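*Asks:* Throw the hints in and build the complete structure from the sequences for me.
Chains as they are written, first to last, in the numbering used here: chain E, 1 to 124; chain B, 1001 to 1382.
Be careful, since some hints might not be right.
Straight line, CA to CA, 20 Å or less: simulated DMTMM-like cross-link-like pairs of lysine to aspartate or glutamate [unchecked claim]:
no.	chain 1	residue 1	chain 2	residue 2
1	B	K1293	B	E1279
2	E	K98	E	E63
3	B	K1274	B	E1286
4	B	K1364	E	E80
5	E	K48	E	E106
6	B	K1226	B	D1190
7	B	K1364	E	E63
8	B	K1093	B	D1190
9	B	K1364	E	E51
10	B	K1364	E	D50
11	E	K98	E	D50
12	E	K98	E	D8
In silico negatives: residues of chain B with every beta carbon more than 12 Å from chain E [said to hold, decoys possible]:
no.	residue
13	G1032
14	A1133
15	Y1253
16	R1275
17	V1350
If you're looking for bench data, these hints aren't it; they were derived computationally from the structure. Remember, predicted model here, so these are calculated numbers, not experimental data. Beta carbons are placed, not taken as given, at the ideal position from N, Cα and C, and that holds for glycine.
Residues per chain, in single letters:
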Amino acid sequence: MTTRYTKDHEYIRIEGDAGIVGISDYAQSQLGDVVFVELPSVGKSLSKGDEAAVVESVKAASEVYAPVSGEVVEVNSDLEASPGTVNEDPAGRGWFMKIRLTNQSELDGLMTEEQYQEFVKSIS
Amino acid sequence: MAEPAHSDEPLLQTPLHAQHVALGARMVPFAGYDMPVQYPTGILTEHNWTREHAGLFDVSHMGQAFLVAEDKSHETAARAIEALIPADVLNLKPNQQRYSQLLAEDGGILDDLMVTRVGAPGHEGWLYLVVNASMKEQDYAHIEARLPQGVALRRKDDLGLMALQGPSAEAVLAKLSPEAAGLAFMMSADVQIDGIWCHVSRSGYTGEDGFEISCQGKDAPALWNKLLSDPEVKAIGLGARDSLRLEAGLCLYGHDIDPNTSPIEAGLIWSIQKRRREEGGFPGAERVQREIKDGAARVRVGIKPEGRAPAREGTVITTPDGREVGIVTSGGFGPTVNGPVAMGYVAKDVSAVGTDLHLIVRGKPLPAKVAAMPFAPHRYKR
Chain E
1 MTTRYTKDHE YIRIEGDAGI VGISDYAQSQ LGDVVFVELP SVGKSLSKGD
51 EAAVVESVKA ASEVYAPVSG EVVEVNSDLE ASPGTVNEDP AGRGWFMKIR
101 LTNQSELDGL MTEEQYQEFV KSIS
Chain B
1001 MAEPAHSDEP LLQTPLHAQH VALGARMVPF AGYDMPVQYP TGILTEHNWT
1051 REHAGLFDVS HMGQAFLVAE DKSHETAARA IEALIPADVL NLKPNQQRYS
1101 QLLAEDGGIL DDLMVTRVGA PGHEGWLYLV VNASMKEQDY AHIEARLPQG
1151 VALRRKDDLG LMALQGPSAE AVLAKLSPEA AGLAFMMSAD VQIDGIWCHV
1201 SRSGYTGEDG FEISCQGKDA PALWNKLLSD PEVKAIGLGA RDSLRLEAGL
1251 CLYGHDIDPN TSPIEAGLIW SIQKRRREEG GFPGAERVQR EIKDGAARVR
1301 VGIKPEGRAP AREGTVITTP DGREVGIVTS GGFGPTVNGP VAMGYVAKDV
1351 SAVGTDLHLI VRGKPLPAKV AAMPFAPHRY KR
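*Replies:* Written out as structure tokens, the structure is:
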């Protein structure tokens, strides 16, 4: 199982030709208590870097960008009722959406787990 | 996710800075100070703790000053400040405190502030002022430039200030100073707590019962630690301070009130006592009196979004048929309400409680209603 990260703190966990997208543990800790998540509609076509979702903490709203290009094939609608799941389990139950990749090679430009942890260390 | 902006300006520190760092606070720049936005438990927990127990806030960044009449006459000092604000200061009892606003000549709000008639013996003719951190330089310059002969402004930058807020605040303080704990709302006293001189007032910015405690900056860490040693008390950051005051319907200067808003538009008529409404004699009196008589064209209202999405400051407000009628000035998530809450200015014809509105959030109209404030009931000790 391969997970890749963006420098905007999204992750994508590859499962075949699709990937589960969420925000990193570092991102959720920086945001603080998540109180609202706005998800894209299933079927939406995203280009890498597009605003894909919005995550709101008590203090502020932040955009979640598409880490790769592709089609949204599933969203985690549990987050509507329980946005705090993003804080509790960002890598698991706190996922945002599943994207079917249109260009696998975009993954090469993303960070590995190890590179991302180094990156987080360098900015915190 | 977008990174927050960083500033390279050197930041000031309050006397409690080391305490915040030791508690593991996340520090952010606020009004030129390095301030705790939250402690490790987070804003939701801090907010709820304050509503259910007692929260301790460092507000030492705020501006504390005295206005001193050379002739030791309260009337001299009161007249001097009444020329700048619309509150009745003349009829304040010793140790009584009032909320007011510094007004511009056009009636716009230059800042909001607390004014107390000092009651300590030997301080006749003294008023104690507390102004916003971000405005203190401007406020002091504004006040000083307009003081008559024989009245002087004395900045007290060496003082600390903390707020103890919440339903347990009285019981916590009673163990340290029964006199302070027995104060009535908007009254103050000078007391000793553990040998530390404190000026305590029964007031705050959360909608809860509570106290604001001023002391020498050098004594602030000992007093802070003493209050925090009570298991009912936890340190609360600026994040929860904002969500608490928003639910309480209280204005934040620079957001809900500013030089473009008048006290009547802002719904602050309650802070202008009858004598001043009738006599005027403060900057912008003509506008204020006219708006009292005829109503203001736009007014500050509470707004309750109907869904779960918060509407933030700057959100455009329209009628359901798309007519633009106002703007959100504060908005976010209310933990006690357990949903989004906001306040903003709307045209008078759509300001009645229950009026249907739309909030334009990320390009989409979200249904909302004008709501009565406060969103969380005030629990002041009257």
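*Asks:* Determine for every hint whether it applies to the structure shown.
*Replies:* Going through the hints against the structure:
1. Only pairs whose Cα atoms come within 20 Å are accepted, and K1293 of chain B paired with E1279 of chain B is accepted, the gap being roughly 14 Å.
2. For the hint pairing K98 of chain E with E63 of chain E, the CA-to-CA distance comes to about 17 Å; that is within 20 Å, so the pair holds.
3. A hinted pair counts as satisfied when its Cα atoms are at most 20 Å apart, and K1274 of chain B with E1286 of chain B qualifies at roughly 15 Å.
4. Between K1364 of chain B and E80 of chain E, the direct Cα distance comes to roughly 17 Å. Compliance with the 20 Å bound is thereby established for this hinted pair.
5. Between K48 of chain E and E106 of chain E, the direct Cα distance comes to roughly 8 Å. Compliance with the 20 Å bound is thereby established for this hinted pair.
6. Annotation: proposed proximity of K1226 of chain B to D1190 of chain B holds, straight-line Cα distance about 18 Å (limit 20 Å).
7. For the proposed pair K1364 of chain B and E63 of chain E, the alpha carbon gap of about 16 Å is at most 20 Å, so the pair holds.
8. A distance of roughly 15 Å separates the Cα atoms of K1093 of chain B and D1190 of chain B; the hinted pair therefore holds under the 20 Å criterion.
9. Using a Cα cut-off of 20 Å, the hinted pair K1364 of chain B and E51 of chain E holds, with the two alpha carbons roughly 15 Å apart.
10. The hinted pair formed by K1364 of chain B and D50 of chain E meets the criterion: a straight-line CA distance of about 18 Å does not exceed 20 Å.
11. The hinted pair formed by K98 of chain E and D50 of chain E meets the criterion: a straight-line CA distance of about 15 Å does not exceed 20 Å.
12. With a C-alpha separation of about 18 Å, the suggested pairing of K98 of chain E with D8 of chain E holds against the 20 Å cut-off.
13. A cut-off of 12 Å between C-beta atoms confirms that G1032 of chain B is not in contact with chain E; the least separation is 19 Å.
14. For A1133 of chain B, the requirement that its beta carbon stay farther than 12 Å from each beta carbon of chain E is met, with the minimum near 18 Å.
15. The claim that Y1253 of chain B is not at the interface with chain E holds, since no C-beta of that chain comes within 12 Å of its own (minimum 18 Å).
16. No Cβ of chain E approaches the Cβ of R1275 of chain B within 12 Å, the least distance being about 41 Å, so the stated non-interface status holds.
17. Distance check on V1350 of chain B: its Cβ is at least 25 Å (rounded) from any Cβ of chain E, clearing the 12 Å threshold; non-interface status holds.
When the structure is compared with the earlier hints, no violation turns up for any of them.
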